[in-house]
Each structure stands twice: as structure tokens, then as C-alpha cells.
Amino acid sequence: MTGQAHAAPREEAPPIEAPREIPPDWEPSILAFACHYCAFAAADLAGVMRLSYAPNVKIIRLPCTGKLDHSYVLRAFERGVDGLFVAG
Amino acid sequence: MNTTQTSTKRGSVLIAGGGIGGMQAALDLADSGFKVHLVTRDSSIGGTMAMLDKTFPTGDCSMCMISPKMVEVGRHPNIVLHTLAEVTGVTGEAGNFAVTVHQKPRYVIAERCTGCGACEKKCPKLVVSGFEQGLSKRKAIYALLPQAVPNTRVIDADNCLYFQRGRCKACQKFCETNAIDFEDQGRDLELAVGAVILSPGLARYNPTIRPELGFGRWPNVVTSIQFERILSASGPFMGEIKRPSDMRHPRKIAWIQCVGSRDPHKANPWCSSVCCMYATKQAVIAREHDGAVQPTIFYMEMRAFGKDFDKYVDRARNQYGVTYRRTMISDVKEEAGTGNLVLRYAADDGTLVNEVFDLVVLSIGFQPHADAPQFAATFGIAENLHGFAATGHFTPVETSRPGVYVTGTYQGPKDIPETVAQGSAVAGRSMALLGEARGTEITTPELPPEVDVTGAEPRIGVFVCHCGINIASTVNVKQVAAEMGAQPNVAVSEDLIYACAPDGQAKIKALIAQHGLNRVVVASCTPRTHAPLFQDTIREAGLNKYLFELADIREQCSWCHMGQKAVATAKATEIVRMNVAKARLLQPVTTDSVDVTPAAMVIGGGVAGMVTSLALADQGFAVHLVEREARLGGLAAGVHRTLDGSDVQAFVRDKIAAVGAHPKITVHCQAEVDSTGGFVGNFKTTLTDGAAFDHGAIVVATGGTEYTPTEYGYGEDPRVITQRELEKRLAAGLDPARTHFLMIQCVGSREEPANYCSRVCCQDAIKNAIAIKEKAPNAQVTILYRDIRTYGLREDYYRRARELGVLFLHFEPERKPQVAPDGERMRVTAFDTVLGREVEFFPNLVVLSTGLRPHPASEKIGRQYKLTRNADGYFLEAHVKLRPVDFPSEGLYVAGLAHAPKNLDETVSQALAAAGRAGVLLSHDKLGVSGIISKHNRDICMSCLACFRVCPFGSPFIDEDGKVSHNEVICTGCGICAGICPAKAFQVNCFRDDQIHAMIDAATENIA
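Going line by line, the protein sequences match chains L and F.
Under this note's numbering, the first residue of the first sequence is numbered 1, with each subsequent residue one higher.
Under this note's numbering, the first residue of the second sequence is numbered 1, with each subsequent residue one higher.
In case anyone wonders, no lab produced these hints; they're calculated from the structure.
It should be emphasised that the depicted structure is a prediction, and the values quoted were computed from it without experimental measurement.
No residue lacks a Cβ here, since even glycine has one placed at the ideal position from N, Cα and C.
The reader is advised that the hints may include incorrect statements.
[Claimed, not checked] Reference excerpt, derived from the structure (chain L facing chain F, CB under 10 Å, subset only):
#1 R20
#2 M49
#3 G80
[Claimed, not checked] Covered stretches of chain F (in silico footprint by chain L; criterion: 3 or more residues with CB under 8 Å from a CB of chain L, positions within the stretch not fixed):
#4 225-238
#5 566-576
Only chain L is shown next, with the shape it has when bound in the complex (with noise of 0.2 Å):
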């Protein structure tokens, strides 16, 4: 892809985009992918002991981190999580 873009120079490359400001109120979405031998297991005993966490945080199993795609990280920000938590 970046060899594309040398060959073949837009008149003028898009401005990158300012940071937003953050909403005082700003809660991030955040995506964890963990494996089920040992972070999929600690987020259940984390459960076990009632350890209180904040809601917006959702678990995908994995059967080992080695499985991770760089798709499943693209496609998350792509649809507009606001973190990833890889964990094994």
C-alpha cells in the first residue's frame, strides 16, 4: 500500500486529523481477547473473588493468544472500539 502511495503522489495528502477533545463523561469501549487456558480464566476468577470492575470491557475467547489476527484488530477499530486488550 505505501508503495502505491509513492508511486502515484495525490496533489495533496489528506490533513491528519486533529484529536478529538474528551468528553468529560467519556467511557471507552473496550474489547479484550484472552486465551482460554489463562486470562479467559483469570477474568472468571476475577468473577469468582466479586472483584468489581467497569461494564464496558467485552471478553472474546481465543484458544491462545498465537491466534490473534491482525484482522480481528483492524475490523474492532474499524468498528469503533476505542481500546484492545490482548491477554495470555
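We have chain L already, so just place chain F on it with the hints.
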């Protein structure tokens, strides 16, 4: 079952003790077709290992390792758990025992209990928790630990308000499945089994016997097992390091070693084998938890004798700033007002020092349970001098009663991997004893044919579980179910009080039939423990068990968002929606199986190889034993006696004769492996002598060699010899009278280039020293050492040597002894750290305790089979703690010195373990392939070899056409190949990219 046929052997085994050793034996036996009765006196299996935070030397989380095994034991169709139970009598003989068991009342009906824990929450009575070592409280109805197996609570009648005062019954009131039974009387069982395995585990020394150390008096003096709980994330302080008196964070922490060990007067005479290492681990982990902690370990001798242990201690010292002080603490006093503790000790220069610590940890040792004599009498076995099960040096897992085997710390103090190895060893011994009865007492359930769902539109059933009030008090379960009912492809969506209870499962099955469901989503608890249960449920209803998804809305939602009903309900809805999205794309998975050749190849004809071969052949498997030398025997052929005086030569001769006479064993001497092809269950090997054969398993027992020293003038002066040469001379009748023998330890060990303990040399030196002094009391023996590592029950011989007048002198590696000829004698000078000056000796003979090295052949074998070796050249096992004799590659096992230096009894244990593990594999006619594996699409694969390089198991391989193929038999489904494959030619069943993408899309549906 026909109990009248007393002449035939039973296909079942009783295991007494539910710790890691018993669990390993249970799984090995159950996996190879034996019925197992696992009897434990606790309310849950898990034993001591379940109490530990981390394990040495890798720092792995103990619970993370043992919990999946506990679940596996709890769910295994061939294992029956008898908790809160004890064996009361054993009659009969090997192959056919009648065992009586008394089970105490649990007061909770396991068949009805769903493990939801509502009773525990409502119980008003607080009791000091024994599991948490008195550091926190539990309820009168409780689970031993959060991950208890079985997950049925138990009522502690001694503390229950109803039992003590006749009123309360809160648990009964709030139990929605009516599982509480105050009338439970317990029961007596009679079991008929073929073999008995003892794995009762250990008790710990009670440190109040030594009041000078202040335990029980000063609150900030804790035991090592208390500190283990303090470190644990699920412990009383949730992993935060605090001290009991004021909950402050301690900075200076002292460990006092050998509390209750190596002291025949006020404690136990033996060494507990593990305390040096667990103290080091605790110090390291404490530093990791809190960088301000300054650990000091006060010790007599650093016994880091195991594989990679010395390197771990070096790391603790150099990277974690752990201070090691070789001095004993005589007493601990509390400083008035601060709660701090004053330790008085002799510094290196001999001056007395008072040092103040915030917290003191007593490294308490192991001992047999208080009722060990009764236990031994019940099983009719002999005890040794110290109350452990008596075993022979060459028969380390056999008790005095045939058919009764022992594993773990009841055989002598030992660590986790040795216990696990012995667990597999006793399983192997039982398999050899009961081989012909394999498969006779297990049942396989009849299942209906699977419904063909190919091409059918998904019809998903969603079941949202209340889990009593566990989920329903936080999540609006009915609302979640209603919302799911509106999702595309969802044919039915209902809520259930307990999805996992029998009525819940019956309802799921009924609705599958009624609505023609072809996918099922249950929203309840964690898939880690409950997915297999529901998978079985839908399979019984005719659905392929991979058409199932479990949405975790309890552990990962209701339990961590209590009191936030709206947000928790919204989150639960999203979680279930993600799983429904995935379920829409689920496909049935068919699992293949391959044949297994019931034969093994054992590489190496030393003790490890011979014992493995015999144990496998006794199980009925053909064995090819390959030895590169002209004759069998290996390194042990040069050893005459063991530390306890057993005759090694006779043992080796017996084994060589037995191997030669066994009809199932083919010996290939003066031969090496030329090539091996194939995979687990189906290897084909050609030897250098042309012999070729098929086999299902490979045991690598390539052994070791003795180091030939270049130090201290060896080879230049004939008066400098090795321990082995001395042993040979003593065996040949050397008269030691009026001779001075000076022994130097750690020659070629514990320093570069061989920076590890060879484990056997201390025993060798003490063995020869005792032999000399017993033969000629007027002979003089001096041993110059760094640490005397007579671990476990070997400590008896160290004491015996001292009693016989053997002189021990400690030296530091920086100031090694100097050896030079001096007329008719040798002159040895050494720096005495106690006297603080040089001392001279004039021995007749200088005897060097030389270390062990891996056999040079192991390098080639490692290359041939792609087996990793550690920095010192010893083979790396699949898992340091729980898979000590397996290689990561399926179908390959390791035993003996090829794995690490060890003593002969340990080699025998490990060899029996390798035979047990290989026996589990070879006992199957067919090897089932797991469902969750990576599937390879050859049509789009570019054979870039990315997968080939990253797969830890060697599943992708270069096929005959030069392109990549994938061996699904050895695939574990980790998906590393799928992650790295640029063409996406690998997809893992149930974790396919389209399924994960669908989950991401569902998770982000509501993001603006």
C-alpha cells in the same frame, strides 16, 4: 459386575488421596480404560498444590495449572470421586482387593446441588478458614476453595448453627434446588478393585513446638504456607503483601529455613527437600508483587539440587536482590510497640548481629499425617523408620504389600514434578498388574445418531440461566432472553432457573426436539467448566456437540457488576448476542481417529531404558530397546552400592537378565536410530544395523556420562582419584585402615561451563565415607563441600557420617582448596569460613566428587526428533511441573539422566512413569483426534513455511510433493499457525476468522 469370580483380576483401581499425585494416577488409569475410585478425606480434590500461589523455578501460577486437571478428574466418565471419605479396611490380594470406605455426611445432596453458592452467601456463621491458614474466615457451609471439585458445598456441622443450637436452616431456605439434607448420615461403601494406590500427601510441621521462634505469639511471624496464601491473588489479602498485626506492607522480610526439618531433637530428622526452593520462590514473588520488599533467607545449606534450581537461586540473588545468609536463627523477639521482629545471628565475621524485620516467614517442613501409623495398618503396609511408606531403593513406588503402590510425599519428601512422575509410575505399575482386565469395568454411553444439519438454516435455541440468584439478582434474565428471541435465526429463547440441573438439561433437550433446533447457546457460567456438560446434553439430543456456545454472564458479568442492574443487563445482552452471532456460523465437527501400533521403541539401554522396557513389556506391549554399546547397563554398571547399601551390580545384572528373557522385548545392541518417520501412534524406524520396525511411542533414555576432571591434578598424580574409582577400589577390597581420604565436592559442577548441581555427588561422597569409617574407624575422612545436598530422607546418612567422625568443611567457590603433592602424602589447603583462616590437610588420597553430563548422543537424538534441550544439554520436558516425562511432541517420553542428573531411585520412578505415560497411549486401538484443531486448506496454501516455523508441536510438515501438509493428529488447536498464515489457509474449528469477526461485529453493534 461379578464379584464372585475371585480368580480373575479387576479392571479398577482405588486411589487414596486427591492431591496432584493421586489425580495424575487417576487420569492416566482412567484414560487407558480402567475404572478409578478416588477417595479423599477433603471435601474437594486438589491437595497441597491447590494452596500454592506460584511454583518454582518457572513462577507459573499453581492454580492455573492444577484447576484444569481438577475439572478433568471431576468430569472423567471413568473416575468416581469419593470425597469426605476414608478407607477403613482392605482385604484380598493383588488383582482383587475388597475395600471398605466410610464417607462422612456432606449434608448437601450432590445430585441436586448446582454449586451456585446461594447457601454460602446466606449462611450467617463465620468460621476461621483452615484452607486460608487462619488468615481469613469462611462460612459454616462452604467450598474448600473457589475452584473446588466437586463444586458441591459442605456443611461444617461443628460450626453450623442448626447442628449446634437447633435453629437457622438459612441454607435450606435459600436453596432453590432443595439440596440441603440435615439428615445425611454418611455412608459405608464396599468396593472391589484390582490395585490400590496411596497418595495421602503430607502434613506440615507445627512450629509452636519451637516457641523460641515466636509463632502463635508474635502475630508477624507466619508459616510458609500462610505466606503462600498471602501471595495468592485469591488468598485472604488478594495477593497484596500485608502483615497480620496491622495490615501494613512489610519491607524487610526474613525467611528462616529448616523449621521442623533436619533436627532430630525438637523436630524431624529429615530434610523436607522443597523449602530452600519455595523460600527462594516466595522471596522472588514477593519482590515482584512489591518492589520495596527486601528479602533475606537464613539457611544452613542451600539445597538447590533440581534441574535449573541453582540458576533460579542465582537469579534471585542477582536480579531480585534476595540476601542469603548462611546462619541459623536461635530466637525471634518482638520489638515493643512496633510489631517488628528482632533476629539475632552470627555475621560472616563471627560477630553477633541484631537485625530488625517487619515480617518473618518460617519455612516449615513436611511430615507424614498424624494418623500415618493407622493409615499404614489399614492398608496393611510397612512403614519406614520415620513413618513414611517403606519402599525399596530399586522399587520406589512399591509398598510391602503386593498390588498396593505409593506416590508422592507419603513415600518421602519431594516436589510436584517428582510426585506427578510417581503418579504416572504407579498408574503404569497398576496397568502392568491388571493389563488383561483393562476396559472390563468401564461403560460407554449409547448415543443417538447425529442429525445432519448441512445446508440447513440456523435455528438457534438460547437459554439464559438465573443460576438461582447468582445471575438473576444482578442481570434481568427474562429481559435478556426476550431480546435474544428477537435476534435473527433464534427460534426459541427461554430463561432457566438452573440450566445445568437435571431439569434444566431435560428442558434444553425437549426444546431441541420440539423446535428442530440446530444450534444452542446457553448463557450462564464459564465455558471452562460447564461447556463439556452442555455439549454432552445436546449430543444426547442428537446434535453434534460443536454446535454449542456458552456465554459467560456470571463470572464475567453478574459477579463483577453487582448492584448495577441496568448496565449488567445491557452487558449480558451484548455478551449473549456475540455468542449468538458466532453460533450462527458454527459447523459440526467430525473427529477422525488413527490406528495405534501397540509397540514402543526405547532409546538407551541403561537403568532408565531397561526399567521402562520391562514395565511396558509387562503391560503387554512389544518393545524395541536400542543401545549403541555392545552391552546393556549404562552408567550404573560402574556403581556398586547405593547410599542405603543396596547392591547396584546385582540390580543391573537382574535387569539385563530380565530384559533378555522377556518375550516382548527385542534388544538391538551396537545399533543407533538411522531414521524415524511417522507420528504419534504410528512411527516407523530404521536402525543403523538395518533393523526396521513400526511402533507407537518413543522413550528417550539416552542417559549421561561422568565428568572426567582436569582439576586438582587429576591425571597427573595417581593419588588424586574420583569417587567412582574409590568405590571400585573399596568394592575390590581396599583396606582403608589408617588412611586419610580427603574428598572435594562439586568438581565440574555448579560453575561454568556446567553451572548446575549434579545431584548425586554428595550422596556418593557420604556413601563412600560411611563405607570407609564402618570398615576402619581409624581411617580419616574429610569432605570439603559447598553445600551438602542430602535432601529428603538421605539426610539420615549425612547425620550417620558425622556420627562416625567424618569431618565436613565448607568452602566458597571463590576460594577453592589447593592441592599439591607433599612427599608421600598430598597437601590440601582450604579456607575455613568458620575459623576465618587457612587450614592444611595431609591426606593419602584426594577423592574428587565429579559431576554428571548429558550423554553426547543426546545432541543427535535431539536433532533427529526436534527435541529441545536446556542450556546444559538436558532434554526439556513438556511442562516442568505437570508433564515431567512427556515431550511437547506427542508420543515421545523421556526418562533418567537424559532429563537431568538424578539418583538411581529417582531414575527408576521416572522410567516407570515414562512407561505409564506411553502405556496410556499404546492402550488405545485408535487415537481420537481432538475437535478443536486447525484445519489446513491446501488449495490456497502457498507453502511459505510460516506455520512450519512457528508451530510448537510440529504439526505442519513438508509433504512428499514438496508442499505443506498438516498432521491433525498432533495438532492442539492453539491456532498460532492460523494467526501467522498470510493466506489464511489455516482455520481453527470453532474459532474461525468469520466466527470471530461476527463476534466483533456483534460486540460493536451499539457503538455510535
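These are the hints, each one checked on the structure:
1. R20: 13 Å, violated
2. M49: Where the cut-off is 10 Å and the nearest Cβ of chain F is about 6 Å from M49/L, the hint holds.
3. G80: Holds, about 4 Å.
4. 225-238: With 3 residues in contact (Cβ-Cβ under 8 Å with chain L), the coverage given for the region 225-238 of chain F holds.
5. 566-576: holds (count 6)
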